[in-house]
Amino acid sequence: MMLAATGIVFAVLVAFSVPIVFALGTAAVMGLVLGGYSLEMLASSLVGASQNWILLAIPSFIFAGTVMERCGMSNALVDLARALVGWLRGGLGMSVIVVSYFFSDICGSKMAEVSALGSTLMPPLRRAGYRPEDGASLIAAGTAMGMLVPPAIFMIVIGEVTNVSVVALFLAGFIPAAVIGVCLCTLVAIQAHLLGWPKDTRPSLMFLLRALRDAAVPLVIPLVILGGFYLGAFTATEAGAIVALYSLLAARLYYRNLSWMQILRIAYDSAVLTAVVVFLLAVATIFQYLMGVTGVPLLLGEILRPLESAHWLFLTGVALITMVFGMVLEGLPAAVVLIPVVFPIATRIGINPIHFDIVQTAAVGIGLFLPPMGVGLLMALRFAEVSVGQHAKGYWPYVLALRC
Amino acid sequence: MAAPEATAAGPGVPRDAWRVRDIVLLAPKIVLTALLVLAIGDMVVGVLLRYVAVPITDRLDLDPINFFWVEEVGEYSLAWLTMVGAGIGIAERAHFTLHVLTHRLPMAAQRAIHLATHFLIAGFGALAVWYGIQLAIVNSQLTSPALEINLAWLYIAPAVGGALIILYSLGAAFGPMPEPESFDKAGVAAAGND
Chain A
0 MMLAATGIVF AVLVAFSVPI VFALGTAAVM GLVLGGYSLE MLASSLVGAS
50 QNWILLAIPS FIFAGTVMER CGMSNALVDL ARALVGWLRG GLGMSVIVVS
100 YFFSDICGSK MAEVSALGST LMPPLRRAGY RPEDGASLIA AGTAMGMLVP
150 PAIFMIVIGE VTNVSVVALF LAGFIPAAVI GVCLCTLVAI QAHLLGWPKD
200 TRPSLMFLLR ALRDAAVPLV IPLVILGGFY LGAFTATEAG AIVALYSLLA
250 ARLYYRNLSW MQILRIAYDS AVLTAVVVFL LAVATIFQYL MGVTGVPLLL
300 GEILRPLESA HWLFLTGVAL ITMVFGMVLE GLPAAVVLIP VVFPIATRIG
350 INPIHFDIVQ TAAVGIGLFL PPMGVGLLMA LRFAEVSVGQ HAKGYWPYVL
400 ALRC
Chain B
0 MAAPEATAAG PGVPRDAWRV RDIVLLAPKI VLTALLVLAI GDMVVGVLLR
50 YVAVPITDRL DLDPINFFWV EEVGEYSLAW LTMVGAGIGI AERAHFTLHV
100 LTHRLPMAAQ RAIHLATHFL IAGFGALAVW YGIQLAIVNS QLTSPALEIN
150 LAWLYIAPAV GGALIILYSL GAAFGPMPEP ESFDKAGVAA AGND
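If you read the protein sequences in the order shown, they are chains A and B. With the first letter of the first sequence counted as 1, position 105 gets the number 104 in numbering that gives the first Met the number 0; the numbers rise by one all the way through. With the first letter of the second sequence counted as 1, position 163 gets the number 162 in numbering that gives the first Met the number 0; the numbers rise by one all the way through.
Wrong hints could be hidden among the right ones.
To be verified - Partial pick of chain A residues on the chain B-facing surface, computed with a CB cut under 10 Å:
#: 1; residue: L12
#: 2; residue: W52
#: 3; residue: A56
#: 4; residue: S59
#: 5; residue: A270
FYI, nobody ran anything at the bench for these hints, they're computed from the structure. Even for Gly, the Cβ is constructed at its ideal location relative to N, Cα and C.
Same shape as in the complex, but just chain A (with noise of 0.2 Å):
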């Protein structure tokens, strides 16, 4: 009874505009009172959630992200895959690709990422010929696929929920990551020759070690993440801190585009994007206590019972409930409110966490691109211009690469 009212609460609020986070911790506090529980867990909730070494990883990874984005790495990275792939048919749509693997693991920021894609890349795709709508896609496609890459805050933020190594979760997303990009990649290819595609003319070795001496300042940060990581050298916070201290060193030494002001700004926009992940989880908290003393991952237990036989299933099933999360909630909250409930369903079936995470993580890359709601989806259309019925009759290739 208690619980079915705090959801009714929670969804109404929800649909009714309220923030989530809000709405989240309207429904938490109800569900305190009415089930006789202290409110002054409310507190202690949101100190103990945010007074974390591990979120510490946040805040270095946004500002990281969105000083290089600024600075215009981004633009040295799309030269590198023009070079790279850009002379075979469809190469220009395959280099979105392969620029979304390298810019993810630069950005842990998925709407820094579409932004910067879009703008840098919307504008040669359709001078190449690519229609709007196909433009979007590969965006949306490449940009779903980077949620894998590290350093993605969704991950630092799941692995916090999980209890899991964020560096196994780093570690693990790169391949998951690399082999969806081969599907898409192959799924350019064919769609290249169906709908004629144009190709670059080929560079000359000059030009591709120009390009690759560009790209050199934005390649050495996923070199450093993946050495440190796979070194046990450091942990995911420190890697942010380095990773800080680099863009930052870039940005002032090497391309001298942002001024001291501009880089006050990102850091204010970066704190206050921040607080709102780091107080989302906080309020969390609260609400998964309250499901935790209900019994709701007993009850969910029961529900799922039948997709326990087969792990496959029970991921399968679990992933396509979290897309849909995604594309209505966004990735954190999904996160915040799905995940802690099915994870140790996962683990008691024997389903290992890291594995389970990044199903997971993918599957809310996915969902962020899936329409009609998909957040992510939405601001690569603004870009192309085109509206969620145009672009959805093209799209759905790219949605089944990304699934399989």
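Following the hints, put chain B in place on chain A, whose structure we already have.
Frame of chain A; chain B shown alone:
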């Protein structure tokens, strides 16, 4: 008594009043930015101490450098950043929000929902203030292990955050309604942390 001087910001409002208002609105933003700089700077110092200073002191057989405080400074600054930023996030409309129904309703209904939403948020802020103060009082007898500061300085953060939530939500409640276009932008901007 002299009539208040008209200003560009609004007729009949004393210039000093606007200056005070601007400072009040600007101060939390400066504090928020400073907290982010402190958090990242602290982590950078921690990395430098661990990977540069410690090997040097080990090699030269000097007294080891104590950097236990790094973790506490980082964690405390994140806790404060979260609470201060949660309030500012209301003014920036940065919190995740779903816009599927409200903007299709008549204007009067939209206005009523806008007011009710922000009063609800202010109510949540009031609870954070009340229980935050209780929590700070309970913890005021304790000190942190590394920095040895009174833990009330940490546990008062929800109360300060709650006060800012009240301030910004009431400001938004009585301010102009956001345009439908900016609703979308807010939704998209808020998703930036995925």
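- Unmet hints by their number, sorted upward, for this structure: Failing hints: none at all.
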